[in-house]
Amino acid sequence: MDNLLPNLLSFPPHPPPPNPISDYAYDQGIREQIDYVRKLADSKLLQQTSGGENVLDVINPALNTVPYTFILLANISALKKGTKGVDMEKIWGKMTTFLGTFDPRQIRYLGDQLSDILEAVASIAVTNRQPWVALAPIREALLRLDPTGTILTTSHLALVRLALDSHSYNPVVPVIEKLILYFPGTTNQPRPKYICDMSLNPMQYITPASGLTQKLKYQDVLEYFLYSGMVFIGLRNWEGALQCLENAVTYPAKEGSVSKIMAEAYKKWVLVGLLQEGKLLNLPRSTSSNAAKQYHTLAKPYETFAQIFESGTASRLKAEADQGLTVWQNDCNTGLVLHVLAAYQKFQIRNLANIYSKISIPEIVGQTMSAETGNKLPSPQAGEKLVQEMINQGELHATMSTSPGQPSVVTFAVSGPVLTEVEMQTELGAATERIHALTKEIKQTDRMLTHDKDYIKFIQKQRKNARQGSTGDQGISGPDMDWGGDVEDEDIMGGLY
Amino acid sequence: MSQPQGAPASPTQSRGKKSLLVSDPPKFDLESYLANYKGRTRLERLILIGTCSSYLGVEALKLAVKEAKKGKDIKRYLEAQNHLETVGPQEREAARDKVWMDMTEKQNQAETQRLEAELKGYKNNLIKESIRMGNEDLGNHYQAIGDLPRAFDSFSRMRQDVSMAKHIIDISKHLIEVAVEQKNWVAVSSNVQKIKGVMVPADEDRTLQPYLCATDGLALMDSGEYYNAALRFLQTEAGMGTTCNSIISPNDIAVYGGLCALATMERNELHTQVLENTNFRTYLELEPHIRRAITFFVNSRYSACLGILEAYRTDYWLDIHLQKHIDDLYHLVRSKSIVQYFIPFSCVTLDSLNAAFMPPGKTIDKELAMMIQRKDLEARIDTQNRLLTSVPSAPRSALQANTLETAKEYEREAHRRIQHMNIVAADLEIKGGKRMGLAPIDDMFDDGRQLRSRNSGANVYPGGF
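Chains A and B, in that order, are what the protein sequence lines are. Going by the numbering used here, the letters in the first sequence line up with residues 16 to 512, in that order. Going by the numbering used here, the letters in the second sequence line up with residues 9 to 473, in that order.
None of these hints come from the bench; they were simulated from the model. One thing to keep in mind: the hints can contain errors.
Said to hold, decoys possible - Distance condition first, Cα-Cα at most 20 Å in a straight line; then the derived EDC-like pairs of lysine to aspartate or glutamate:
no. : chain 1 : residue 1 : chain 2 : residue 2
1   : B       : K204      : B       : D145
2   : A       : K232      : B       : E52
3   : B       : K77       : B       : E52
4   : B       : K77       : B       : D105
5   : B       : K416      : A       : E436
6   : A       : K193      : B       : E421
7   : A       : K308      : B       : E437
8   : A       : K455      : B       : E417
9   : B       : K416      : A       : E442
10  : A       : K294      : B       : E417
11  : B       : K35       : B       : E318
12  : B       : K439      : A       : D131
13  : A       : K193      : B       : E419
14  : A       : K96       : A       : D131
15  : B       : K46       : B       : E67
16  : A       : K230      : B       : E437
17  : B       : K46       : B       : E189
18  : B       : K191      : B       : D230
19  : A       : K269      : B       : D105
20  : A       : K458      : B       : E421
21  : B       : K74       : B       : D37
22  : B       : K181      : B       : D230
23  : B       : K416      : A       : E192
24  : A       : K109      : A       : D57
25  : B       : K174      : B       : D145
26  : B       : K191      : B       : D336
27  : B       : K80       : B       : E113
28  : A       : K230      : B       : D37
Claimed, not checked - Listed next, with one range per pair, are the computed distances between beta-carbon atoms:
no. : chain 1 : residue 1 : chain 2 : residue 2 : range
29  : B       : T215      : A       : T319      : 52 to 60 Å
30  : B       : V347      : A       : Q291      : 31 to 39 Å
31  : A       : P189      : B       : D359      : 55 to 63 Å
Ideal placement from N, C-alpha and C gives every residue a C-beta, glycine not left out.
Use the sequences and the hints to build the structure in full.
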């Protein structure tokens, strides 16, 4: 091993040269090194140093990602084969640290290898019946690979599936809260010269060809949106869920076809919309009209339920929820429906804040109904508890004052939460920044579309037609053309003077 | 029809009852009221009063029966007589006059045949003017015997043979009259437009302008556009006199215009457009209480204004055109009064509002809550200290919040558009389309099933159940 090490560590040069090496040199260097390491047999990679140390302890994954990756893979395959002397605990530790420390520039050349390691991490976690331990390392790896998180990869999908399987939602939030803008498999794009160019947009180096992701099908994309929505639902983060589900609901579809996944997402979207806004939301403008039509027929019970929530009474809502029990069960939405029922009275209480500035608990109890029972709350105490709960959770901007012998009095804050000037400034600043970032993405998309081969062909053809047209139809638009020629002549003359 | 029902004391009570029955004595005198009108509308109004007022019912129906017998409309006679039979069977007029009916029936038939034959003759001779007049006669006859659809048709047919602008005006006037009785307000306003189209600016017929304003106003009022109706009535030039009395009287102009304006206009507007309007003043003088009510409103004496209106509610319930709208109009005036009353204050006790707007012993709480809910009133109720407090307006923070919301909306939309473009660019959009209709769903069903089986385990936890 010792004789191999200098070669293994030859790239990137250490310590880094004062002038960073050019993209060209970097590309050359790393490709050579990968070729070299790839040719080494696993047994060689598994050798220990003369000091009896494991090579994985010697090489720094953050600096020499290439050799580390291959050695790690050799270890993993050894582990699978059950070779003696490979400690699973140790390898697991190495894998997880590797995923959190690898060099994001070098890893671009190691797509297949990275995918293998991610897969290994997931499968080890699953076989050990601890799927949740794999979530954080995979998440870290995805975020290191593409800090913007705007491109969807097959690993994303695997990650949310794993999260749902393991019932642990929090670890994946940093990944799923990123806006997905790009998808691998965009065809007809010019290839970047060097994928090590750090100014590249993630969609230029994360491609099926790089091995960092596989080609997706539309079902995969929809599933990712639906599942990330479900993760947010699990966290009771209604806003996040709404966004993710909306991505699925508005998925572009041609010629009136709708995927079942979209319909499923729509059903959840209706319920989550109730929880977030208290009403049946309007479909986003970008929903395809045919999909909208299909949704209305496919998700009729949900829409009816939402309408009753908006304008009906608690008892009707309860009756409707009971009536549709099998529907909710078949769609696995019972939990959400129960949430909606629980939220009904809270929305009513919040609406009271639009009418009253001060009101006593018995009056609240008298004016609102619980949809969970279809009746008024049994006692003022129950009402007090509910209001207290809402205030504590920040769902109601109000204060409650109790005086002995008198019913408690709720005072609503008149205009909701008021941001201070400073908070407002930061909010506005953040919004501006986000929009700036988005503008960049818009430019990127625009660039991508104008560089599409088909589009360029189309433009060429158009130009050609235009040119042909100018010479071809002289018979028809003769005088016009003559006149045009005259003008051109004059221009030329004008230039001469 | 016969269920006893007192005048609803509160505007919050449900409106638009089909069989309204008013037991309070109205302020007007039946004879003089009727003297304002001529033609078929007299009969119509009498029957309405007869069926809706328990106080004037019998008297009105007796007059109606007499009135009907003067004319040729058997249906109307029967209607009046039937009502009278139920309300006051002991009256002499309550007995059905079979002889008169048979005789009229025969006469009507003979007249119809005669006129139709005449018209046919004219048509054969191809004399345009005669055909037009024949149609007019026939229309008049149909209108008189109560066959309104045919009357409308006959008058419409006159249009084929017009030779001057005056004819067009005549036709439209006939049609308006029939349409008003039919309550066909679309036809009314379309005919008003037709007259306007041919009207010469220096028309010597000064009565035409009031006529058009009045009928157009009626049409607008009936469709609930009170503000536009008010403008129309207010534009009515003086000098209507009795020219429109087959439809509407100058008093009605004052009442309708005044009430619509009161319900929809701001105080300044009321002052300039209504009280200082020289044209409308001549009408307003006929109904001084409307003028008083408006003056009170302009001077912020809302309870006095509402008091006057309340006193005349019975009268307006018995008005053929106002009946359907009076509750709405009063409600608007009332809401507006409450809003206006509250404007100068940041905080008002509910008791003072009760004193100003409610009869003793009733509270205004519910009504206020409803108004706030409908966003008519920017205020909050404090049930503990019994106060109505205004909402402090915070334009700065409202604008900021609005800006953030807009930015967010933009972000979301832009994000989605980019996403969609890239989905299409990556060739990932859903392409079904081989089968039409619902089939695409089936097409996708396989994924769905797959999804569900995968979900059946995975899908349960979100929500925690």
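Outcome of the hint check:
1. B/K204 <-> B/D145: Outside the cut-off at roughly 25 Å; violated.
2. A/K232 <-> B/E52: It is violated: about 74 Å lies between the C-alpha atoms, which goes past 20 Å.
3. B/K77 <-> B/E52: 13 Å, holds
4. B/K77 <-> B/D105: 9 Å, holds
5. B/K416 <-> A/E436: The given pair, whose Cα atoms are some 19 Å apart, holds under the 20 Å limit.
6. A/K193 <-> B/E421: With Cα atoms ~15 Å apart, A/K193 and B/E421 stay inside 20 Å; holds.
7. A/K308 <-> B/E437: 18 Å, holds
8. A/K455 <-> B/E417: 18 Å, holds
9. B/K416 <-> A/E442: Cα-Cα ~11 Å, so holds.
10. A/K294 <-> B/E417: Holds, at roughly 18 Å.
11. B/K35 <-> B/E318: 12 Å, holds
12. B/K439 <-> A/D131: Since the Cα atoms of B/K439 and A/D131 sit roughly 32 Å apart, the hinted pair is violated (cutoff 20 Å).
13. A/K193 <-> B/E419: Holds - the C-alpha atoms of B/E419 and A/K193 are around 13 Å apart, at most 20 Å.
14. A/K96 <-> A/D131: 16 Å, holds
15. B/K46 <-> B/E67: With Cα atoms ~18 Å apart, B/K46 and B/E67 stay inside 20 Å; holds.
16. A/K230 <-> B/E437: 14 Å, holds
17. B/K46 <-> B/E189: Answer holds: B/K46 to B/E189 is near 13 Å, not above 20 Å.
18. B/K191 <-> B/D230: 9 Å, holds
19. A/K269 <-> B/D105: 75 Å, violated
20. A/K458 <-> B/E421: Distance ~16 Å between A/K458 and B/E421 Cα, so the pair holds.
21. B/K74 <-> B/D37: 18 Å, holds
22. B/K181 <-> B/D230: 19 Å, holds
23. B/K416 <-> A/E192: Judged against 20 Å, a Cα distance of about 15 Å means the pair holds.
24. A/K109 <-> A/D57: 17 Å, holds
25. B/K174 <-> B/D145: OK: B/K174 and B/D145 at ~17 Å, within 20 Å.
26. B/K191 <-> B/D336: Holds, at about 19 Å.
27. B/K80 <-> B/E113: With a Cα-Cα distance of about 8 Å, the restraint between B/K80 and B/E113 holds, given a limit of 20 Å.
28. A/K230 <-> B/D37: 89 Å, violated
29. B/T215 <-> A/T319: 52 to 60 Å: Distance hint for B/T215, A/T319 holds at roughly 57 Å.
30. B/V347 <-> A/Q291: 31 to 39 Å: 33 Å, holds
31. A/P189 <-> B/D359: 55 to 63 Å: 58 Å, holds
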